[in-house]
Amino acid sequence: MDKIIYLDHAATTAARPEVVEAMLPYFTESYWNPSSVYTPASANRKAVDQSREIIAKSLGTQSQNIYFTAGGSESDNWALKAAAEAYENKGKHIITSTIEHHAILHTCDYLQSKGFEITYVDVDETGILKLDELEAAIRPDTILISVMFANNEIGTIQPIKEIGEIAQKHGIIFHTDAVQAYGQLPIDVDEYHIDMLSASGHKLNGPKGVGFLYIRKGLKLRSFIHGGAQERKRRAGTENVTGIVGLGKAVEIAFDTMEERTKKETELRDYAMNRILAEVPYCRINGDRKKRLPNNINISVQFIEGESLLIMLDMAGICASSGSACTSGSLDPSHVLLAIGLPHEIAHGSLRMTLGEETTKEDMDYVIEKLKEIVEKLRTMSPLYEDFVKKNS
Amino acid sequence: MDKIIYLDHAATTAARPEVVEAMLPYFTESYWNPSSVYTPASANRKAVDQSREIIAKSLGTQSQNIYFTAGGSESDNWALKAAAEAYENKGKHIITSTIEHHAILHTCDYLQSKGFEITYVDVDETGILKLDELEAAIRPDTILISVMFANNEIGTIQPIKEIGEIAQKHGIIFHTDAVQAYGQLPIDVDEYHIDMLSASGHKLNGPKGVGFLYIRKGLKLRSFIHGGAQERKRRAGTENVTGIVGLGKAVEIAFDTMEERTKKETELRDYAMNRILAEVPYCRINGDRKKRLPNNINISVQFIEGESLLIMLDMAGICASSGSACTSGSLDPSHVLLAIGLPHEIAHGSLRMTLGEETTKEDMDYVIEKLKEIVEKLRTMSPLYEDFVKKNS
Amino acid sequence: MYSEKVMDHFQNPRNVGEIENASGVGTVGNAKCGDIMRIYLDIDENQIIKDVKFKTFGCGAAVATSSMATELVKGKTVQEALEVTNKAVMEALDGLPPVKVHCSLLAEEAIHAALWDYAEKNGIKIEGLDKPKSDISEEEEEEEY
Amino acid sequence: MYSEKVMDHFQNPRNVGEIENASGVGTVGNAKCGDIMRIYLDIDENQIIKDVKFKTFGCGAAVATSSMATELVKGKTVQEALEVTNKAVMEALDGLPPVKVHCSLLAEEAIHAALWDYAEKNGIKIEGLDKPKSDISEEEEEEEY
Ligand SMILES: Cc1ncc(COP(=O)(O)O)c(C=O)c1O
Ligand SMILES: Cc1ncc(COP(=O)(O)O)c(C=O)c1O
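Chains as they are written, first to last, in my numbering: chain A, 69 to 461; chain B, 69 to 461; chain C, 29 to 173; chain D, 29 to 173.
With the rest of the complex left out, here is chain A:
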């Protein structure tokens, strides 16, 4: 097969041609270090500031609050570690959710090894944070709440505004990992009481290796990467001008096209989910049906395992991913699917398909036909299906 149907936009996206075009001059022609004093370099300072401005505007804040990083993971690490360090005199308790990305969870593990205490607030069966448990978890020594804006596996969108209000009421810093949500959902950091927000360029048709952390003015967070005076002395390293310019362009387009794009994706997502539910026996949709990212489909197909499914889809030219983290060299099923209450066998049989604006209805029709064939084939060799059929016959 020649055509590839890419349904893994949550993993990464192609940079838009306009993004690459915007970056190109800064590689070979306007390659200056923005901190240099000579005249030509001021164009690069301006280019960096312009991206900062675009991003600030998209979040309803001022550009001085946007700090460029190398991506979502760095932003998450910085936010958590710097807040822990800055406020440890106030307390050493941090609250997060059970369904965060590993960039948050493993950073929490690290902080725990440094004497911080972490409370993981549970989610309901659609993946929505239990607000009452959150509120109950707050203690006098709680210094930080970090809850992701939308989940990368099941697409569930959290009640961020309510979480922000709880955090504010208790005078606790609120960080959100918006790596999946930013560019897909409108976000106003003031309205939602967000103190820190992480985002990554390659999730919204920008380049890889660049992202940002929004830090509310007044938060006394220190550098994570020490050195030169870049980024208002808070993030050292010669600015990645090309990456920053590309990110700015990607954000500009993402916000300009958001309404139309997400409307189209939502429709296609719902169409595909409904067909799958109707036509593939013994499968379920994971995550909330409504409060979910416009491009996210996550299903569990009973009696079959995710990786086999993925390989077979791959052979049919379809790129998707599994809820199972097998892909990353680990054998455990997704912590997110376990957190929403799936048993292990079912968690292992999940499939994530994340659409992009180029995805068509024809694509999804093809995918669903293939999916049906593959599921049938895998079930004929599944001992779990055999047992199920025997028990029910």
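No lab work stands behind these hints: they were computed from the structure. Model, not experiment: these values are computed from the prediction. We put the CB at the ideal spot given by N, CA and C, even for glycine. Errors might be hidden in some of the hints.
What the hints assert, rightly or not - Derived lysine-lysine pairs resembling BS3-like cross-links, with alpha carbons at most 30 angstroms apart:
(1) A:Lys301 x D:Lys60
(2) D:Lys33 x B:Lys359
(3) B:Lys301 x C:Lys78
(4) B:Lys458 x D:Lys115
(5) A:Lys458 x C:Lys78
(6) B:Lys445 x A:Lys288
(7) A:Lys198 x C:Lys60
(8) C:Lys78 x A:Lys438
(9) C:Lys60 x A:Lys438
(10) B:Lys114 x A:Lys182
(11) A:Lys459 x C:Lys78
(12) C:Lys33 x B:Lys114
(13) A:Lys445 x C:Lys115
(14) B:Lys445 x D:Lys153
(15) B:Lys301 x A:Lys301
(16) C:Lys60 x A:Lys459
(17) C:Lys60 x A:Lys458
Said to hold, decoys possible - Which residues of chain A face chain B? A partial, calculated answer using Cβ under 10 angstroms:
(18) Ala83
(19) His412
(20) Thr428
Keeping the supplied structure of chain A fixed, place chains B, C and D with the ligands upon it in accordance with the hints.
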């Protein structure tokens, strides 16, 4: 003027056209996340591994010891903070030099605030580390020695092999910040007993925002950025495929062309230094005349201040930089120039010109003529020069 | 990630299915790890494995190792089948990625479990065969840095 | 980084030079910061500044503020010159980058130092003029985040 003569290659360099060409397909076509399981993504895994291989070979080591980062500053921060953390049970004493880059010095400040003790070993008047002082500084609780391979301001190359041998003899980890040296000098990490080495892509005609840390096999260093399982679980974050590919290409070319290029640069450097010494009164060369980076010229011009000099050179189309860190928003003169014993007024009047392979003799002739004019003009308005002339007449 | 042989056995698995009234059936696996294998053996009176079928819930490597393991024991005597190690399965597949090595262990265990079942049903003792573990423990790979 | 006015005064500084037998000379500065300014004043018997010259070792802003300061005091009376503040100099230059504000303070101080020298030489007291500090202290900018 139209032509720009760029003499600030130590600040950053243009990406080579071949580098950009190598990167381009990975933006819009082969944009896959290298960790994904579907077939197309394996091309990106291979591309990343190929860059790793090129870099490993350039250092005489295996690719499993190369970890990609977002640049020199991150590599430096990671090396120092992770080593401090990993070995703090053995001791909390770290040795570095007085002339390191801020990415090292400010990281040391941070570690000091965390209870580590830092000894700054001095350099002689050409900027070479005093080996006897280094050896004398070693204590039973010394866990790390970090000395830069070559200095970014005055270009002095350190006796890295001797430092490595001292470190090895005492069983101490040795890190070197090779951000300026890598790509200009041959480096063999085993021969030099280097345990960790930092480098940055944009200093060797690669892209900005990507670099690497070499970590000797067996060193039990942990992640600096926690999260996904990328880089053998030691550096989380979706791989910056384009950046890594560009870095690999840049390294390949830098090592292929090193001999010829550095020979040409060394000649031009010496020609220019000799002319300046002969034709500009009251100036001196900073750094070692022989043990210096092929492309580095650093002079102090007495009685005039660096920024004025730079602005006037800029007006003549010449991009250079000053030893003074005025450029970075600070008013202190360069710590490197003070460390080699220059008094403040002279440290403020220094000029760094770092050549590139495209720099010609004609360029340098033009620069020297302009420099002479500018120095004369600035001296006529210098009260220090007035005093000097009066005293000596 | 997988060798061509693995992909071949995954795409075209040999001996998928069930055997009615099998001489021995063994199911092993680990719900947590996500691999369950079931092997059916048809063994004649000379202790020769005349037929073998499998069903597997698991990743590509699990399917391929099951398929290869059935190929390797087919036609063998019970004693010979006992000597089909996970290493032999892996070699026959031109290797497996390190994280997938446990799949080949599972295949070995599944054969052993089916043989154990056969032995129990027939009240015989097979030299060198221990009662199979119901679960294959996961070993964390060493981080060797 | 600099306004056009600053660049103009840096490229074409007004009143560079010395005045022989000046009525007052003031030198202020800070070797650590790298700025030294010297102002020469020629003041007539009506306390009018008839001529003013400067020499400055320093950055672009230091040169430009010196040049602008001399322009602002030229032709003024001593009392009027005293009222030329660093703010006035900065405004006349269309502003300075925050890290360069100290240069304008230096220019103000240099004028004051020259006036003080004039006053001392002539045994007069100028209302509102204090003995100049020989050094302008550097203030770390607030990190306001
Ligand atoms: C010696 C040295 N170390 C570290 C760095 C930091 O590298 P980067 O700006 O790529 O983070 C630089 C350059 O700025 C340098 O010259
Ligand atoms: C929710 C979430 N957080 C963080 C990250 C990490 O971002 P990056 O890979 O750009 O470092 C990702 C994506 O991998 C993500 O989906």
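Results of checking the hints against the structure:
1. Straight-line distance between C-alpha atoms of Lys301 (chain A) and Lys60 (chain D) comes to about 22 angstroms, which keeps the hinted pair within the 30 angstroms bound.
2. Restraint check for Lys33 (chain D) and Lys359 (chain B): the C-alpha separation of about 44 angstroms exceeds 30 angstroms, so the hint is violated.
3. Of the supplied pair hints, the one linking Lys301 (chain B) and Lys78 (chain C) is violated, its CA atoms being roughly 47 angstroms apart against a limit of 30 angstroms.
4. With a C-alpha separation of about 34 angstroms, the suggested pair Lys458 (chain B) and Lys115 (chain D) falls outside the 30 angstroms cut-off, and the hint is violated.
5. Restraint check for Lys458 (chain A) and Lys78 (chain C): satisfied, since their Cα atoms lie roughly 25 angstroms apart, inside the 30 angstroms limit.
6. The straight-line distance between the Cα atoms of Lys445 (chain B) and Lys288 (chain A) is roughly 46 angstroms, outside the 30 angstroms bound, and the hint therefore fails.
7. Restraint check: the Cα-Cα separation between Lys198 (chain A) and Lys60 (chain C) comes to about 26 angstroms, which is no more than 30 angstroms; the hinted pair holds.
8. The suggested pairing of Lys78 (chain C) with Lys438 (chain A) is violated, with an alpha-carbon distance near 36 angstroms, which exceeds 30 angstroms.
9. A threshold of 30 angstroms between alpha carbons decides the hint, and for Lys60 (chain C) with Lys438 (chain A) the separation of about 28 angstroms falls inside it, so the pair holds.
10. Restraint check for Lys114 (chain B) and Lys182 (chain A): the C-alpha separation of about 37 angstroms exceeds 30 angstroms, so the hint is violated.
11. Taken as a hint, the Lys459 (chain A) and Lys78 (chain C) pair is honoured in the structure, with Cα atoms around 28 angstroms apart against an allowance of 30 angstroms.
12. For the hint linking Lys33 (chain C) to Lys114 (chain B), the alpha-carbon distance of about 20 angstroms falls within 30 angstroms, and the restraint holds.
13. As the CA atoms of Lys445 (chain A) and Lys115 (chain C) are separated by approximately 28 angstroms, the hinted pair is consistent with the 30 angstroms bound.
14. Distance hint between Lys445 (chain B) and Lys153 (chain D) is unfulfilled; the C-alpha atoms sit about 38 angstroms from each other, more than 30 angstroms.
15. Restraint check for Lys301 (chain B) and Lys301 (chain A): the C-alpha separation of about 29 angstroms stays at or below 30 angstroms, so the hint holds.
16. Using a Cα cut-off of 30 angstroms, the hinted pair Lys60 (chain C) and Lys459 (chain A) holds, with the two alpha carbons roughly 22 angstroms apart.
17. Straight-line distance between C-alpha atoms of Lys60 (chain C) and Lys458 (chain A) comes to about 23 angstroms, which keeps the hinted pair within the 30 angstroms bound.
18. Checking Ala83 (chain A) against chain B by beta carbon gives a least distance of about 4 angstroms; that is within 10 angstroms, so the hint holds.
19. Of the supplied interface hints, the one on His412 (chain A) is violated, with its beta-carbon coming no nearer than about 20 angstroms to a beta-carbon of chain B, more than 10 angstroms.
20. With its C-beta approaching chain B no nearer than about 19 angstroms, Thr428 (chain A) sits outside the 10 angstroms limit, and its interface hint is violated.
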